[in-house]
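**Q** Listed here are the chains, written in short residue letters.
Number of protein chains: 6
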Amino acid sequence: MRPSGRDLSEMRPVSIETGFTKHAEGSCLIKIGDTHVLCTATIEDRVPPFIKGSGLGWVTAEYGMLPRATNTRMRREAASGKQGGRTVEIQRLIGRALRAGVDRVALGERQITVDCDVLQADGGTRCASITGGWVALRLAVNKLMKTGDVITDPLVDPVAAVSCGIYAGQPVLDLDYPEDSEAGVDGNFIMTGSGKLIEVQMSAEGSVFSRAQMDQLMELAEKGVSELVAAQKAATA
Amino acid sequence: MRPSGRDLSEMRPVSIETGFTKHAEGSCLIKIGDTHVLCTATIEDRVPPFIKGSGLGWVTAEYGMLPRATNTRMRREAASGKQGGRTVEIQRLIGRALRAGVDRVALGERQITVDCDVLQADGGTRCASITGGWVALRLAVNKLMKTGDVITDPLVDPVAAVSCGIYAGQPVLDLDYPEDSEAGVDGNFIMTGSGKLIEVQMSAEGSVFSRAQMDQLMELAEKGVSELVAAQKAATA
Amino acid sequence: MRPSGRDLSEMRPVSIETGFTKHAEGSCLIKIGDTHVLCTATIEDRVPPFIKGSGLGWVTAEYGMLPRATNTRMRREAASGKQGGRTVEIQRLIGRALRAGVDRVALGERQITVDCDVLQADGGTRCASITGGWVALRLAVNKLMKTGDVITDPLVDPVAAVSCGIYAGQPVLDLDYPEDSEAGVDGNFIMTGSGKLIEVQMSAEGSVFSRAQMDQLMELAEKGVSELVAAQKAATA
Amino acid sequence: MRPSGRDLSEMRPVSIETGFTKHAEGSCLIKIGDTHVLCTATIEDRVPPFIKGSGLGWVTAEYGMLPRATNTRMRREAASGKQGGRTVEIQRLIGRALRAGVDRVALGERQITVDCDVLQADGGTRCASITGGWVALRLAVNKLMKTGDVITDPLVDPVAAVSCGIYAGQPVLDLDYPEDSEAGVDGNFIMTGSGKLIEVQMSAEGSVFSRAQMDQLMELAEKGVSELVAAQKAATA
Amino acid sequence: MRPSGRDLSEMRPVSIETGFTKHAEGSCLIKIGDTHVLCTATIEDRVPPFIKGSGLGWVTAEYGMLPRATNTRMRREAASGKQGGRTVEIQRLIGRALRAGVDRVALGERQITVDCDVLQADGGTRCASITGGWVALRLAVNKLMKTGDVITDPLVDPVAAVSCGIYAGQPVLDLDYPEDSEAGVDGNFIMTGSGKLIEVQMSAEGSVFSRAQMDQLMELAEKGVSELVAAQKAATA
Amino acid sequence: MRPSGRDLSEMRPVSIETGFTKHAEGSCLIKIGDTHVLCTATIEDRVPPFIKGSGLGWVTAEYGMLPRATNTRMRREAASGKQGGRTVEIQRLIGRALRAGVDRVALGERQITVDCDVLQADGGTRCASITGGWVALRLAVNKLMKTGDVITDPLVDPVAAVSCGIYAGQPVLDLDYPEDSEAGVDGNFIMTGSGKLIEVQMSAEGSVFSRAQMDQLMELAEKGVSELVAAQKAATA
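Residue numbers (full-length UniProt numbering), protein chains in the order written: chain A, 1 to 237; chain B, 1 to 237; chain C, 1 to 237; chain D, 1 to 237; chain E, 1 to 237; chain F, 1 to 237.
Wrong hints could be hidden among the right ones.
Copies of the same chain are indistinguishable here, so a pair counts whether it falls within one copy or spans any two.
[Stated by the list, open to error] List of simulated lysine-lysine pairs, DSBU-like, C-alpha gap at most 30 angstroms:
#1 K31 <-> K143
#2 K223 <-> K22
#3 K22 <-> K82
#4 K196 <-> K223
#5 K82 <-> K146
#6 K22 <-> K196
#7 K223 <-> K233
#8 K82 <-> K52
#9 K52 <-> K233
#10 K196 <-> K82
#11 K196 <-> K233
#12 K143 <-> K196
#13 K233 <-> K22
#14 K82 <-> K223
#15 K52 <-> K31
It should be emphasised that the hints constitute simulated quantities derived from the structure, not laboratory data.
So here's chain A without its partners, still in its complex pose (with noise of 0.2 angstroms):
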């Protein structure tokens, strides 16, 4: 039933592959069947003024698509001259994902910028940059805590995402675009690797949804994440 022949439940074939680029402190490429995203994660010793002085680390993000990452070229942010609303939800939602399985005391006053872009869009941009934001950050993390200028790990618990929708009636797993342009409702459900929620949208565009449906998409998003947090858990063992 699905454009990609998966069953219902079946996420696209994840792939990790850390140290993409050499000069940032974590970085992979993570690819989600043909939604290619470069992950990075920067550590800096200042922090934003709101918490200077506090002793609180601050985890950030940001998130890009190159233009030509779509099936058309898309203008280039930069030269409009603004991020577009659609960037500035997906990176706010990218940051407060990924602060939520942070221990900011144990972070210790510096912040991390986990920089997202889109080399190839194929849906669900957003639960990649999640997923592959974490092994960027949990690598750059990794090198603090060798170093010793972190002590007890920030990190406790992973955090992936993954998209679920109602495509032609059907509650489907990790939509790629021909779903994703189809779907009448679908979410994206932000979740540790111990299974406890940390962000959960679901949205219907032209319709509405049940309850039952919502419990639905539910199932179908801890199965995935479940698998998205073995890979991560490969990639940086």
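Since the structure of chain A is already known, use the hints to place chains B, C, D, E and F on it.
**A** What follows is chains B, C, D, E and F alone, placed relative to chain A:
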């Protein structure tokens, strides 16, 4: 337990004053406790380029906050030269929410822009904007139906929104600002008059939550939305 | 002769509702006929860099118009990325006008920002902003005097403003929108409670005027301002 | 008494060099003492959208100041990414002033843009811009009449402007920078060759003024403008 | 002598992986040592206004650098609201260079946009962008020829670029970042496969150079470009 | 053969009027034929952050063109909200060129900003800006030496620039606008008074060139620069 002395499942007082401004095709001043939002609906004959000629209508929203709607003055977005990330995120949410309750074929090829401007803020401005925005939309559509420009009512089911959260370990309905700034988990629930879901967003700030907690918040939301829909109906009767 | 049926030297009804919002140190909703402006005054301990350390205070103003304050919706300035020329011109005028009535030594090294946001427009928004803005400023200064932060009253004389113009060949007081859009000559007169001039702007659009006409407008303005000052005094008594 | 040693009612030396640049349809370098402004007039066949098809012409103006026209270097507006409030206010004033002297029917459906760029500033740049701008406009219109594109002269009466103020307690004509920065009251008077008023702006900075003072400044302005109009006529004869 | 241990006239290893992204009409990931640039070519049927209807084609380029392509994170240009001067300069150079190798009549009235995004930087990103950009362009044009949209090959001669400079007093080929940041003189040489010059830029930073030195760099550049052209041919064969 | 009737190796008339504006520490109006550029040099005691405390000075440049410096009016960059790519490229070039002729230790920790504003354009504005900019810089440095703020002359060798190109198949010196818009190859040559090279840029537009042609242009440039340096010396003697 709540700073305001309200019960866990008690809404703040709701008032909706329609016709607050004379130029708009529909308008109201909605007050949810000390959160006051002026909502206006503007009908225009043009639609965005991507649906030109499709015969479908469009509903969109913009959101703003007066500089001193809040406890300390915020910089005016027009002066700083761009809408902040929070503003962009909220106005996209309001637009999606209202569109979900619109039969765009019945509306016909015209656009209705709902402006939600917060005159005074005390938590829950996005939910108040959706609830009040629907009232302004309802009034504007009434005008179109009175003149015969629209025959079939495109607003089949009211749309309203409420926030719920975990405050001091307890699930509470309709967070005000003191609660919102302390809540570990908070969510926005956008629903129809008949109890269907349009959008659900639940988010933990520096925390996580369980599915059981998610279900508790959902119960509260259903109660809150049904009260808001009653107020919408009374105001537009 | 006037579209509203008013006498040539008759003001529109004036109402000033103080305390319209709860957060600002001073606030009012001023209504001059169908022109409604929400004015708030915010006290801050910092001053602009160019007077830092001088012991002098500063009063500044910002002006905005809600998108549907007018008959047809105007683009939101925050969305278009900058304040238009008209906005910039008006807010500079309001700031200058209010500062002219302030003893900046008595105010001490602090800044008061007066925000004037037009909720509904029907001509004369800049004059209503000055008149209402002074009320907000008065209330904020009252607070400073009550707490003893300010000892000598820095507001020695009220400041108010009214527009006059040549409409259909006749000098008229307090132009509303239908008059304003037709008037060949119009002027804004900013004066103190004791009848001194602060700023006079008279301008012919596609026309010219004589000194005799200028004098006629000045008479009308004196009458109008004295009525406005009475309303200010009543509201802040 | 005046820093320059001038009499109270004495203008600075005025010179107008026409044809200062070769590309513009009309151009001059106007010098009012040490204030030097390059004015060019550009004729274009298009008009702004709001008068398209009306048969009416349009005159508009832009104003700029070279970064080192002033005593200390100012930031280049093109580099800072926007025109400052003062620039916006001035160029709107110049445009209104010049339009007041134009018969827009006679001009026909075309636009003339007058650019006023201050090469060196010593007070009174907006008045010099209006006076010199009218000369550039006159020269451009002459070209249109010579080619027969315009038959009836749309410039029936010259437009010129001068500033006056209260300096050291005395009314003085044509303020230079040292006077302008000290004056308690200053005004800009825009008039026609036949002595009619186009725009009057009088403003007290941290002060107030009386109607008697206003009348004194007006006398001085009439003297100044008549001298400027004589210079305009000599330059364009 | 060189930090990398290379001979004076030795290039870094070059690799060109074509088809790196699936959506673009042509794409490659070019690696010149540790400088990695993703180049995509997008074909569109529209051309810029200034050649509309001329029958001529257009080739243009845009350039970007991911925030953490460099040793320390740079601010994202989309977030800062504009492309920096260096970016603007580089993308104009790439566009001019590629256009010089295109027969715009043979291309026909269509536009090809070449996006060069630096994933990892180690000196010479603009030269790598030109060399890789030409490969993406070649692949896109191949598609047009395969479909018959273009009959005569518009790319008669490959275009490639290399940098040379005076490092530690010696002329060296293909500067990497440690060399580039120390070099007194450096130049970019853009040439065709047949050895013709398209653009030469040589620049001394805090230094000067002689014609003899200029000639030495030119020799090295010819060697480097011929190796790059060989790599281009191998990749697109 | 040349539109102006000049010989292939003949410069346009050069004139340099120093002290053109009174406020700047150094200024001149340079005329290369019909290309007129006003250059001013501003001395400031602050330096950019990246050299603070280094004891080194800095020279930077900004470039602008008045809207009607050209044959058709160009949009004012301050109004369009950013400097165009061409402007950015040119002002970076001017800054680099001037810095190459400065002993930054001798200058001491201060910044000189050279503003080059084109009053009238007829080709070669960037070269005229460099040549005139150096004169303004020379005059400003003279002031610093006169006051004893600078002891050792930091300007050891004049800097001047000229363009050359292949026009109608012939190498020509100092392209004016009609030649520049037709030339297949053109180059800018920045050199010192003693004949050393600072920057060379040669570029083919829709064409290529050989090393022999490059050498011919270089000969012409040497002739042109020596004439410009003589004019610089005469103007600043």
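**Q** Take the hints in turn and mark each one as holding or not.
**A** To see whether the hints hold, each was checked on the structure:
1. In this homomeric assembly, K31 and K143 come within 30 angstroms of each other (Cα to Cα) both inside a single copy, at 24 angstroms, and across copies, at 27 angstroms.
2. For the homomeric pair K223 and K22, the shortest alpha-carbon distance between copies (29 angstroms) is at most 30 angstroms, but the shortest distance inside one copy (33 angstroms) is not.
3. With identical chains, the CA atoms of K22 and K82 are at most 30 angstroms apart both within one copy (28 angstroms) and between copies (27 angstroms).
4. When the C-alpha separation of K196 and K223 is checked against a cutoff of 30 angstroms, the pair qualifies both within a copy, at 13 angstroms, and between copies, at 26 angstroms.
5. Taking the closest pair of Cα atoms, K82 and K146 never come within 30 angstroms of each other, the shortest separation being 38 angstroms inside a single copy and 38 angstroms across copies.
6. For the homomeric pair K22 and K196, neither the shortest alpha-carbon distance inside one copy (33 angstroms) nor that between copies (36 angstroms) is at most 30 angstroms.
7. Within a single copy, K223 and K233 get their C-alpha atoms as close as 16 angstroms, which meets the 30 angstroms cut-off; across copies the closest is 42 angstroms, which misses it.
8. For the homomeric pair K82 and K52, the shortest alpha-carbon distances inside one copy (28 angstroms) and between copies (26 angstroms) are both at most 30 angstroms.
9. For the identical chains of this complex, K52 and K233 are neighbours neither inside a copy (33 angstroms) nor across copies (46 angstroms), given an alpha-carbon limit of 30 angstroms.
10. In this assembly of identical chains, K196 and K82 lie within 30 angstroms of each other by CA distance neither inside one copy nor across copies; the values are 35 angstroms within and 36 angstroms between.
11. Within a single copy, K196 and K233 get their C-alpha atoms as close as 17 angstroms, which meets the 30 angstroms cut-off; across copies the closest is 39 angstroms, which misses it.
12. Taking identical chains as interchangeable, the C-alpha atoms of K143 and K196 lie at most 30 angstroms apart only when both belong to the same chain, with a minimum of 27 angstroms there against 48 angstroms between chains.
13. Proximity of K233 and K22 under a CA criterion of 30 angstroms is satisfied in both settings, with 21 angstroms inside one chain copy and 28 angstroms between copies.
14. Taking the shortest Cα distances, K82 and K223 never come within 30 angstroms of each other, neither inside one copy (37 angstroms) nor across copies (40 angstroms).
15. In the homo-oligomer, the alpha carbons of K52 and K31 never lie at most 30 angstroms apart, since the shortest distance is 36 angstroms inside one protomer and 37 angstroms across protomers.
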